[in-house]
Amino acid sequence: MAAEPRTGRPQPRGLWRILTAREGLGAVFLLICALIVGIEASGLSMGRGRMVGPGYFPAILCALFVLFAVILLVQAIAPGRVTVAFGPLRPAAMMIAAIAAFCLTFPFLGAGGAIIILVVIAALAESGRRPLELLILSVVLVALVWLVFRIGLNLQLPMYPGDV
Amino acid sequence: MIENLMLGFEVAFSASTLLYCFLGVSIGMFIGVLPGVGPLAAISMLLPLTYYTTPTNALVMLAGIYYGAQYGGSVASILLRLPGTASSAVVCLDGYEMTRKGRAGAALFLSAVASFVGGSIGIILMAAFAPALAEFALRFGSQEYFMLMALGLVAASTLSEGSAVKGLAMVIFGLVLGIVGLDTISGTMRFTYGEMQLVDGISLVASAMGLFGLSEILVNIGKGERGVSTQKVTMRSMIPTRQELRDCWPAIWRGSAIGSFFGALPGTGSTIASFFSYAVERKVARNAKTMGQGAVEGVAGPEAANNSAAQTAFIPTLTLGVPGDAVMALMLGAMIVHGVQPGAAMLNDTPEVFWGLIASFWIGNLILVIFNIPLIGLWVSLLRIPYRWLYPAIVVLIVIGTYSVNLSVFDVYQLLAFGVLGWLLRILAFPTAPLVLGIVLGPMIEENFRRSLMLSRGDYMTFLERPISLVLLLATLAIIGAQLVLPLWRRWQARAEAGA
Numbered sequence: 001m002a003a004e005p006r007t008g009r010p011q012p013r014g015l016w017r018i019l020t021a022r023e024g025l026g027a028v029f030l031l032i033c034a035l036i037v038g039i040e041a042s043g044l045s046m047g048r049g050r051m052v053g054p055g056y057f058p059a060i061l062c063a064l065f066v067l068f069a070v071i072l073l074v075q076a077i078a079p080g081r082v083t084v085a086f087g088p089l090r091p092a093a094m095m096i097a098a099i100a101a102f103c104l105t106f107p108f109l110g111a112g113g114a115i116i117i118l119v120v121i122a123a124l125a126e127s128g129r130r131p132l133e134l135l136i137l138s139v140v141l142v143a144l145v146w147l148v149f150r151i152g153l154n155l156q157l158p159m160y161p162g163d164v
Numbered sequence: 001m002i003e004n005l006m007l008g009f010e011v012a013f014s015a016s017t018l019l020y021c022f023l024g025v026s027i028g029m030f031i032g033v034l035p036g037v038g039p040l041a042a043i044s045m046l047l048p049l050t051y052y053t054t055p056t057n058a059l060v061m062l063a064g065i066y067y068g069a070q071y072g073g074s075v076a077s078i079l080l081r082l083p084g085t086a087s088s089a090v091v092c093l094d095g096y097e098m099t100r101k102g103r104a105g106a107a108l109f110l111s112a113v114a115s116f117v118g119g120s121i122g123i124i125l126m127a128a129f130a131p132a133l134a135e136f137a138l139r140f141g142s143q144e145y146f147m148l149m150a151l152g153l154v155a156a157s158t159l160s161e162g163s164a165v166k167g168l169a170m171v172i173f174g175l176v177l178g179i180v181g182l183d184t185i186s187g188t189m190r191f192t193y194g195e196m197q198l199v200d201g202i203s204l205v206a207s208a209m210g211l212f213g214l215s216e217i218l219v220n221i222g223k224g225e226r227g228v229s230t231q232k233v234t235m236r237s238m239i240p241t242r243q244e245l246r247d248c249w250p251a252i253w254r255g256s257a258i259g260s261f262f263g264a265l266p267g268t269g270s271t272i273a274s275f276f277s278y279a280v281e282r283k284v285a286r287n288a289k290t291m292g293q294g295a296v297e298g299v300a301g302p303e304a305a306n307n308s309a310a311q312t313a314f315i316p317t318l319t320l321g322v323p324g325d326a327v328m329a330l331m332l333g334a335m336i337v338h339g340v341q342p343g344a345a346m347l348n349d350t351p352e353v354f355w356g357l358i359a360s361f362w363i364g365n366l367i368l369v370i371f372n373i374p375l376i377g378l379w380v381s382l383l384r385i386p387y388r389w390l391y392p393a394i395v396v397l398i399v400i401g402t403y404s405v406n407l408s409v410f411d412v413y414q415l416l417a418f419g420v421l422g423w424l425l426r427i428l429a430f431p432t433a434p435l436v437l438g439i440v441l442g443p444m445i446e447e448n449f450r451r452s453l454m455l456s457r458g459d460y461m462t463f464l465e466r467p468i469s470l471v472l473l474l475a476t477l478a479i480i481g482a483q484l485v486l487p488l489w490r491r492w493q494a495r496a497e498a499g500a
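Order-wise, the sequence lines are chains A and B.
Using the numbering used here, the letters of the first sequence map in sequence onto residues 1 to 164.
Using the numbering used here, the letters of the second sequence map in sequence onto residues 1 to 500.
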């Protein structure tokens with residue numbers, strides 16, 4: 001997330017200039033929040049002065065989101081803006097996929113199988129893992145979870161299909 | 001006070017409480033020593049483990065995790081220059097220099113002693129002042145509580161690192177997340193979108209673990225191995241020289257005083273305390289000239305400040321039920337889960353919990369010094385485990401830990417959502433700590449806001465007419481005003497200097 005270089009490629013213009021600025025993207029994020037909160041609040045009763053309804057507080061929060069978004073937009077246009085940098089996306093995406101796979105397979109496979117799937121997909125986030133290494137890691141982690149949560153905390157954690 | 005403390009020690013010295021205290025301190029240190037993992041992440045990850053015991057034991061264990069993680073963070077700072085939190089970042093400066101000079105053992109030992117002394121002073125002040133503050137808080141109505149929470153939220157989000165606007169925006173976001181679920185006053189569902197599992201609101205454990213644990217991994221994964229080379233830390237190397245001891249004592253006292261003061265204020269806490277202490281040492285320490293090159297004062301002062309602030313931060317949390325920072329917000333959330341409602345009533349209704357907690361704070365500090373210093377060598381060897389082995393293990397523990405709280409896969413989905421959210425927010429340079437503060441305080445601040453307006457029949461003047469509420473409002477406005485004026489003043493000064 002380096003400050004924008006003065007020379008080199010031509011400066012982005014217009015809307016694109018705002019969207020590639022860290023503050024600009026932040027403002028967009030806040031506006032999306034404001035929209036979601038605003039839609040929800042509009043469906044709720046505001047109540048009257050004496051009896052404040054469930055929509056009153058969210059409506060105030062929605063207004064504050066808009067206020068902060070405007071301030072960030074001003075900062076995004078101001079000189080000295082910082083461009084947004086996402087870094088390597090693949091490793092993070094693999095990690096997210098690994099946990100999603102855990103959630104999807106856990107009800108069928110139990111903790112044991114789901115943990116192995118999680119570890120294998122998460123390992124794809126970084127290159128150069130040997131299968132043996134993965135096998136050892138998976139077995140150790142399944143054993144650890146079984147010891148800590150099932151035996152130690154006496155939790156109803158299904159370890160394999162049909163367990164508990 | 002003595003009588004109350006005796007009651008506390010009676011509770012704290014039961015075998016089970018001692019065991020949980022020891023467990024908390026050790027596990028906290030184990031997690032906290034991992035590079036980049038600070039108290040906030042450690043507490044989030046370990047929160048589920050405390051759900052299986054009595055409220056007193058759970059809180060004692062949590063407090064133990066807090067100190068353990070804090071100290072563990074210092075170990076990583078001193079040995080590797082990889083601070084877990086902002087509050088231990090200062091310790092890097094001189095601590096890591098001491099390591100480079102081969103005095104790692106002494107730096108670790110002195111930081112433990114400074115932490116213990118700082119923590120003890122903080123505890124004494126807490127035992128002395130908490131009852132008086134709780135007594136005062138009995139005069140508070142909804143208006144005062146609303147204003148107090150607003151002050152805490154504004155202070156915590158603007159005084160911490162980064163942009164004040166972004167901090168405030170995250171507090172608002174947190175408040176929105178906090179009010180998800182059933183509105184207890186009107187019985188209406190809000191932000192649930194027909195999902196029955198959201199009726200009780202979003203899960204504190206899932207959100208905290210996602211924001212601080214999982215997002216940390218998403219940010220760091222793929223950045224390659226970090227340079228890990230640690231010295232062997234033997235017991236013998238930990239013995240400080242007489243000169244080092246003599247130099248660091250005054251710094252410890254100064255640090256404790258600074259920390260106790262800043263810790264009790266809403267929003268400031270241990271980060272500002274440790275930075276302030278370091279700034280003071282640079283002016284007054286005997287080795288002021290060698291600060292930054294491995295001066296013991298640069299380790300002892302901030303460490304004492306850090307830990308005394310960690311103690312006095314409990315004063316507003318326990319007596320008013322208003323946390324000053326994200327760690328305290330998690331503590332408060334955990335207390336509520338266990339059916340303990342902090343606040344003025346806690347001291348009167350359940351004195352054994354309150355005083356037991358205070359006594360066990362001290363025991364936790366003591367256990368940290370007595371049992372864990374000999375184990376430093378073991379914790380240090382943890383740092384040699386390659387990150388590629390460590391992160392899958394951490395992810396598995398986070399996922400199973402989240403599932404274990406409600407035995408719910410839905411909570412794991414929440415964890416994933418908050419992990420991605422935290423990752424995105426970090427990329428956009430939004431601070432994530434104010435979010436948790438907002439999530440915990442959301443329902444409370446809204447309830448007090450609505451109750452105030454109901455009592456005044458919709459008249460906003462009620463917040464101005466009550467003197468305590470007015471003072472709190474003025475303090476909040478002063479903080480916001482300072483945030484607006486300071487940048488302009490700095491710019492004006494810079495321009496004046498450039499012109500001269």
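I should point out that these hints are in silico values taken from the structure, not numbers from a laboratory.
Any given hint could be a false lead.
To give an idea of the chain B side of the interface with chain A (calculated C-beta under 8 Å), a few residues [what the hints assert, rightly or not]:
{"id": "1", "residue": "Ile2"}
{"id": "2", "residue": "Leu177"}
{"id": "3", "residue": "Trp249"}
{"id": "4", "residue": "Ser404"}
{"id": "5", "residue": "Leu416"}
These numbers come from a predicted model, not from an experiment.
Idealized CB from N, CA, C, for every residue including glycine.
Outcome of the hint check:
no.: 1; hint: Ile2; in the structure: violated, 38 Å
no.: 2; hint: Leu177; in the structure: violated, 10 Å
no.: 3; hint: Trp249; in the structure: violated, 42 Å
no.: 4; hint: Ser404; in the structure: holds, 5 Å
no.: 5; hint: Leu416; in the structure: holds, 5 Å
Violated hints, listed in ascending order, are 1, 2, 3; each of the other numbered hints is respected by the structure.
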